[in-house]
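**Student:** Protein chains in written order, with our numbering: chain A, 46 to 449; chain B, 13 to 243.
Just so you know, the hints here were simulated from the structure itself, not pulled from any lab data.
In this text, a Cβ means the ideal position worked out from N, Cα and C, and glycines have one as well.
Wrong hints could be hidden among the right ones.
What the hints assert, rightly or not - Short, incomplete list of chain B residues facing chain A, as computed with Cβ under 7 Å: (1) Val48; (2) Asn49; (3) Val52; (4) Pro68; (5) Gln174; (6) Ala193; (7) Leu206; (8) Thr207; (9) Leu219; (10) Leu222; (11) Ser225; (12) Arg226; (13) Gly230; (14) His231; (15) Asn233; (16) Thr236.
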Amino acid sequence: MGMSLPWWKPDEELLAATLAEIDERAAEVRRALAFVSSLPDQQPGRESGIPLDHDRAAATDHMGDLLDAVGTAVFLGASDTARDRLGDLLDSRAACDLAAAAVSRLIEESLSPALSGLMNDIYELVAAEDGDRECLEERIVDALAERDRVELAMEGARLLCGCEPELDDDSLAALASFDDLLRAELWRTLPLGDRRAARCAWAAPRYRERLWWWFRGCDLPHTALQDMQTVARVIHLFPEARQELERMLEAEQILDSLCAAGRDRGRGKVISLREYLLRKFRPKTSSSGETRQMFVCVSGPRGPYDLAASHYEEKPLYQTAELTVSTDGENLIVDIESPEKPLADRPPVLEAPDHAPLAARQAPEPNRFEFSLSNPVFSAPEAWLVVSLTTSERRIRLPFDERE
Amino acid sequence: MARRDLVLGEGGRLLESLSSGLDKKTLSELRVAGFVNTRVAHLHLFKHVVRLCDLPPEELYASRDPEKWSEIIPNPPLAPDLRARRRKARESLAAIDSCGLRVGRPEGDLPCRTCSSADAQGAVDEAFSDLMASYLEAGRQAFEWAKRNVSERLPFLLAFRQNGQPGVRLKFVDNRKITGAGLLSRHGGEVLLLTCYRKDPGRPLSLLKLSLSRERAGHRNEGTLVPIQGC
Chain A
46 MGMSLPWWKP DEELLAATLA EIDERAAEVR RALAFVSSLP DQQPGRESGI
96 PLDHDRAAAT DHMGDLLDAV GTAVFLGASD TARDRLGDLL DSRAACDLAA
146 AAVSRLIEES LSPALSGLMN DIYELVAAED GDRECLEERI VDALAERDRV
196 ELAMEGARLL CGCEPELDDD SLAALASFDD LLRAELWRTL PLGDRRAARC
246 AWAAPRYRER LWWWFRGCDL PHTALQDMQT VARVIHLFPE ARQELERMLE
296 AEQILDSLCA AGRDRGRGKV ISLREYLLRK FRPKTSSSGE TRQMFVCVSG
346 PRGPYDLAAS HYEEKPLYQT AELTVSTDGE NLIVDIESPE KPLADRPPVL
396 EAPDHAPLAA RQAPEPNRFE FSLSNPVFSA PEAWLVVSLT TSERRIRLPF
446 DERE
Chain B
13 MARRDLVLGE GGRLLESLSS GLDKKTLSEL RVAGFVNTRV AHLHLFKHVV
63 RLCDLPPEEL YASRDPEKWS EIIPNPPLAP DLRARRRKAR ESLAAIDSCG
113 LRVGRPEGDL PCRTCSSADA QGAVDEAFSD LMASYLEAGR QAFEWAKRNV
163 SERLPFLLAF RQNGQPGVRL KFVDNRKITG AGLLSRHGGE VLLLTCYRKD
213 PGRPLSLLKL SLSRERAGHR NEGTLVPIQG C
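Here chain A stands alone, though its shape is the one from the complex (with noise of 0.2 Å):
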């Protein structure tokens, strides 16, 4: 099954620009440091209370150019390669000054100013007809690539400065207020569908909940607005329905605040399946801070790809002689190990209570399946994974039974 390789590589071709980038960038934020620097009274300290002039202003451009190809570095798991490359510039005060006033200047002038168009089109984009609404499909991508645009830079300063970047309060308070907004009218962009999941795709499996904007839901068809309609026309016709309805979603309530609870307390709590799968997966990382912590603190000289391949590398969960279950942190992998053979057209099931059986995936390589985790069957706290192989059928139990 080649377990050591890593099972998820950044795209070459995009990390090839990406890295470019992040030379050429980084090399004209030293000279315009060095610039600045030199001139009377204008060193970039953003205390100083010296308005951005001229140079500054391009020395700010300069360094928020190259925060978006660190961030996108960093999002491809190839932090370390990006260390190695941006070299003194981690070490400077004047560097992680610049950085934050960067960032701020993306959320002032990008981010901000986005804002109300964004909310319009996003209110029209259900009801547009054809032309106009592939027209809003386009303005709203490129309205939430702009939020793209300082997360990576919010990313890359964290890289630079080894810690979160200052930024001030009006910065922060313009970001909080563009994330309320855009959070409570997210459900709206549904009919995006898996132009949302491509926009996050490209990151490294374990960043796309950062860009959640992209993220959340993107696993939902893109007719998930329209099927609400169904489920209320259902609802008014059969009134009788709706406890059934109130039952589904109060399961999905308790299953949350139970995982929540999970988190909080715990091992030894009923989790779901995703969250177990999960903390298998990183024991030791349970939040996306801890997380981030363990990115910047490493330190020393390493391989280009060594912190990242260990984050892609799959984890044998459950293995016999017939198959390997695994994951790879978005998915549940299956994989029937030669000789023997799935049965034809019989790809594994999952079957867990109160939800509809869910068959995996065929994935590229021969004899494997795959579930992805954001199913909503693994809200579920277990369930029986069903192998059929040509010889026999294999069921077994999730949660794993440790003793096997």
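Chain A is already provided as a structure; the job is to place chain B on it using the hints.
**Tutor:** Same frame as chain A, but now just chain B:
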């Protein structure tokens, strides 16, 4: 300028070609035919060129056009002074009874998007035909440049599908940093623009490429990328 059939029909060479990706010959035959519909065309014209609507307040009342049209269109048929340009446009629009952009309408309103008046659309097309032709020509040139220069390493053009629909979408950027998006129709490989403008003239071209590279990698991972063969 009306929307064409966006569904690729059976048996067409284009469809055959797209089943495995866009080959170089097919790509070379693609042409920008116009905007996807009149409303979208007018929306872009009055936002990006005339700068009369659909802008944040600070831009709506600014007297300086951030776009340097002379870099995009040789001898643009535009008043260089933004206030004069708007005034002239308002004068032309005043003669079009059913146009929502006429004087009296609150500035910043977005009537083009909901306009259903064929009379108004026709009259606006006629009154602003020079400007629209120049604008479209800039879009055409940008697309042609992107077509000629796209490669695996230089993603100036991106093709993908969305939501399992048969139509193909295109995104492109040229060396002047004009970015655009369009739909591929079946009619002789026409591209119908969804948007086209220079969003951020100050941003390096390489970063716009990086942005398209991210998008391409995402579509590739999602299986929605339409590969461009032989580049």
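**Student:** List in ascending order the numbers of the hints, as given earlier, that are violated by the structure.
**Tutor:** Those not satisfied: there are none.
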